[in-house]
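Protein chains: 2
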Amino acid sequence: MAKLVECIPNFSLSKEKNEAGYNALIEVAKSVPGCILFDAQTDGNHNRSVFTLLGSPEAVEEVAFRLAKKAMELIDMNRHVGEHSRMGATDVIPFVPTMDVTVEECVEMSKRLGKRMWEELKIPSFLYEDSATVPERRNLATCRKGQFEGMPEKLLQPEWAPDFGERKIHPTAGITAIGARPPLVAFNVNLATSDVQIAKKIAKVIRASSGGFKACKAMGFMLEDRGIAQVSMNMVNYEVTSLPVVYEMIRALAERYGTHIVGSELVGLAPAKALLDCAEFYLKLENFDYKNQVMEYHLIDMLGE
Amino acid sequence: MAKLVECIPNFSLSKEKNEAGYNALIEVAKSVPGCILFDAQTDGNHNRSVFTLLGSPEAVEEVAFRLAKKAMELIDMNRHVGEHSRMGATDVIPFVPTMDVTVEECVEMSKRLGKRMWEELKIPSFLYEDSATVPERRNLATCRKGQFEGMPEKLLQPEWAPDFGERKIHPTAGITAIGARPPLVAFNVNLATSDVQIAKKIAKVIRASSGGFKACKAMGFMLEDRGIAQVSMNMVNYEVTSLPVVYEMIRALAERYGTHIVGSELVGLAPAKALLDCAEFYLKLENFDYKNQVMEYHLIDMLGE
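Residue numbers (the numbering used here), protein chains in the order written: chain A, 464 to 768; chain B, 464 to 768.
In isolation and in its complexed conformation, chain A is listed as follows (with noise of 0.2 Å):
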């Protein structure tokens, strides 16, 4: 069977403000033949751009080396200016192991990349999410406190040298921060209420970080074009917190608080056993052995050999 591997690597540059330059990543994204770019986003107000690599681990790890080797040519740090928290020039690089690939295997290729930029390119590097050699590195958003302009001081601090590379950033390209970690789903739910109140109750109940579901984030906002209020999440381990776990709960919140569900919305890409569970679970199926059961896993074999 095929392994692969996706990887979605963050560059702080967009197409609307240096189209040569991406267009330059496009190039580099599709130059190692056994990986695909499967989609590019690139977003001017966040001067940011989001790449979908999917490949063989090979492919995907020597395509992901070249990509942060192009960003450092063509990206000075100093000079970006853009809405989203960034800190190098290749922001982030997440590998995600999509099919006959282990988490462990993906915390490899994390700390292999990590240390040839390093070797090759002198960029630095933190190990987040499941590659994290500390707890308060597994959480991006703690690695990239201080963003690009604060990242000098805070390497210097005890506790945060890189994992990879001296303590001082690439004078351009800044740091990275590489990690293993599982698909993540983006699922929002809608509320019959234009009380965004009730949302962001709802979404504090359900949320790992006020005591909720482990592996979900949520927050509650307010749909303006549609007067509807909305949870919107982050599932970022669909195996430990199901979505239709979560649903009942936002179902039996809703109620609670005089309202009910309209609907909802998977945002983007989704593996198919996330949507599978749904079915074992509402349809009640017992012993339900999805690899073995669901015909399109079967294609990908035979295709995939």
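To be clear, the hints were calculated from the coordinates, so they are not data collected in a lab. Incorrect hints may appear among the rest.
No copy is singled out in the list; a pair is fine if it fits within one copy or between any two copies.
What the hints assert, rightly or not - In silico SDA-like cross-links for lysine to any residue, where the CA-CA straight-line distance does not exceed 20 Å: (1) Lys754 <-> Thr515; (2) Lys747 <-> Val708; (3) Lys754 <-> Asp764; (4) Lys493 <-> His761; (5) Lys747 <-> Met712; (6) Lys574 <-> Glu482; (7) Lys747 <-> Ile691; (8) Lys663 <-> Glu687; (9) Lys747 <-> Ala655; (10) Lys747 <-> Glu711; (11) Lys754 <-> Ala503; (12) Lys466 <-> Gly767; (13) Lys754 <-> Leu766; (14) Lys680 <-> Pro520; (15) Lys585 <-> Leu618; (16) Lys466 <-> Asp764; (17) Lys532 <-> Ala483; (18) Lys663 <-> Thr722; (19) Lys747 <-> Thr722; (20) Lys747 <-> Thr656; (21) Lys466 <-> Ser519; (22) Lys667 <-> Phe684; (23) Lys493 <-> Met765; (24) Lys466 <-> His761; (25) Lys747 <-> Gly690.
Here the structure of chain A is known, so what remains is to put chain B in place on it, guided by the hints.
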């Protein structure tokens, strides 16, 4: 994107009664590159084997022909004994569109195969299901009525001329039904009651033949080992009658009869879409674009290129 067709030929031969013949068929099933033998079931009581082939339309069609030829060489229907109804050495050959293939293309496959089986093997055939030339031939059971022994007489009736071939069976291989059909999902729902009459009543309400859902066949059974009643279904087109809709109807009817659903089971394989429908239904997903939002479809696209 790779075009893929599934083909599930049924042979009047079992490993239990003729191991050498069965092995010869297995060998033929694997004889064309681009077509794999996905699954092989054999039943000694039925004296029947069911193969599942998967591959490109051209490869699958060629393998289906070679199998029909080999089955003709191996099987003399005049000497065949088995519990299952049958009319030919190769009893039935369904083609199921699986990826990037239309039902119409599968209908064309069935017609080319029927023509070739007559021209090269002198085996006549009926076109059934979506390939049927008249409504009475859609149903396989109607085509097969009379079985091998009654076929010589049946073919002389004005309305039962074969779609390919003359009004007489092949002396040893009989006649074959060939047709395109949607993927079938076998889905059973278990009730918290030992009263099989409730399962029978529910089955009667939901199945097409007594006025229920168009693409649902259903029967009520007793699961003797568990002491509970089961509604056993063949969902013959989940795009027409979806799993969550039939499940919710059973739930309402079970409640009407004073019981409830304790679980369900998926028997064998199902296409992911049949189960993703549950995510869409129960999570009230808005604007769900499964082909673009479910990762695995992109993997299949990528691997199939």
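These are the hints, each one checked on the structure:
Taking the closest pair of Cα atoms, Lys754 and Thr515 come within 20 Å of each other only across two copies (17 Å); inside a single copy the shortest separation is 25 Å, beyond that limit. Proximity of Lys747 to Val708 under the C-alpha cut-off of 20 Å is found in both arrangements, the shortest distances being 13 Å within a copy and 14 Å between copies. With identical chains, the CA atoms of Lys754 and Asp764 are at most 20 Å apart both within one copy (10 Å) and between copies (19 Å). Only between protomers do Lys493 and His761 lie at most 20 Å apart by alpha-carbon distance; the minimum there is 17 Å, versus 28 Å within a single protomer.
Taking the closest pair of Cα atoms, Lys747 and Met712 come within 20 Å of each other both inside a single copy (18 Å) and across two copies (15 Å). Proximity of Lys574 to Glu482 under the C-alpha cut-off of 20 Å is found in neither arrangement, the shortest distances being 31 Å within a copy and 54 Å between copies. Taking the shortest alpha-carbon separations for Lys747 and Ile691, only the inter-copy value of 16 Å comes in at or below 20 Å, while the best intra-copy value is 32 Å. Taking identical chains as interchangeable, the C-alpha atoms of Lys663 and Glu687 lie at most 20 Å apart only when both belong to the same chain, with a minimum of 15 Å there against 51 Å between chains.
Within a single copy, Lys747 and Ala655 get their C-alpha atoms only as close as 28 Å, which misses the 20 Å cut-off; across copies the closest is 13 Å, which meets it. When the C-alpha separation of Lys747 and Glu711 is checked against a cutoff of 20 Å, the pair qualifies both within a copy, at 14 Å, and between copies, at 12 Å. When the C-alpha separation of Lys754 and Ala503 is checked against a cutoff of 20 Å, the pair qualifies only between copies, where the shortest distance is 18 Å, while the shortest distance within a copy is 30 Å. Taking identical chains as interchangeable, the C-alpha atoms of Lys466 and Gly767 lie at most 20 Å apart whether they share a chain (8 Å) or sit on different chains (15 Å).
Taking CA atoms no more than 20 Å apart as the test, Lys754 paired with Leu766 passes in both settings, with 15 Å inside one copy and 18 Å between copies. For the homomeric pair Lys680 and Pro520, neither the shortest alpha-carbon distance inside one copy (28 Å) nor that between copies (46 Å) is at most 20 Å. For a Cα distance limit of 20 Å, the shortest separation of Lys585 from Leu618 inside one copy, 15 Å, qualifies, whereas the shortest one across copies, 83 Å, does not. Taking the shortest alpha-carbon separations for Lys466 and Asp764, both the intra-copy value of 10 Å and the inter-copy value of 16 Å come in at or below 20 Å.
Taking the closest pair of Cα atoms, Lys532 and Ala483 come within 20 Å of each other only inside a single copy of the chain (16 Å); across copies the shortest separation is 61 Å, beyond that limit. Taking the shortest alpha-carbon separations for Lys663 and Thr722, only the intra-copy value of 14 Å comes in at or below 20 Å, while the best inter-copy value is 39 Å. Taking CA atoms no more than 20 Å apart as the test, Lys747 paired with Thr722 passes between copies only; the shortest distance there is 16 Å, against 26 Å inside one copy. Proximity of Lys747 to Thr656 under the C-alpha cut-off of 20 Å is restricted to the inter-copy arrangement: shortest distance 16 Å between copies versus 31 Å within a copy.
Within a single copy, Lys466 and Ser519 get their C-alpha atoms as close as 6 Å, which meets the 20 Å cut-off; across copies the closest is 23 Å, which misses it. Taking the shortest Cα distances, Lys667 and Phe684 sit within 20 Å of each other inside one copy (12 Å), while across copies they are farther apart (47 Å). For the identical chains of this complex, Lys493 and Met765 are inter-copy neighbours only, at 14 Å across copies versus 25 Å inside a copy, given an alpha-carbon limit of 20 Å. Both within a single protomer and between protomers do Lys466 and His761 lie at most 20 Å apart by alpha-carbon distance, with minima of 14 Å and 15 Å respectively.
For the homomeric pair Lys747 and Gly690, the shortest alpha-carbon distance between copies (18 Å) is at most 20 Å, but the shortest distance inside one copy (35 Å) is not.
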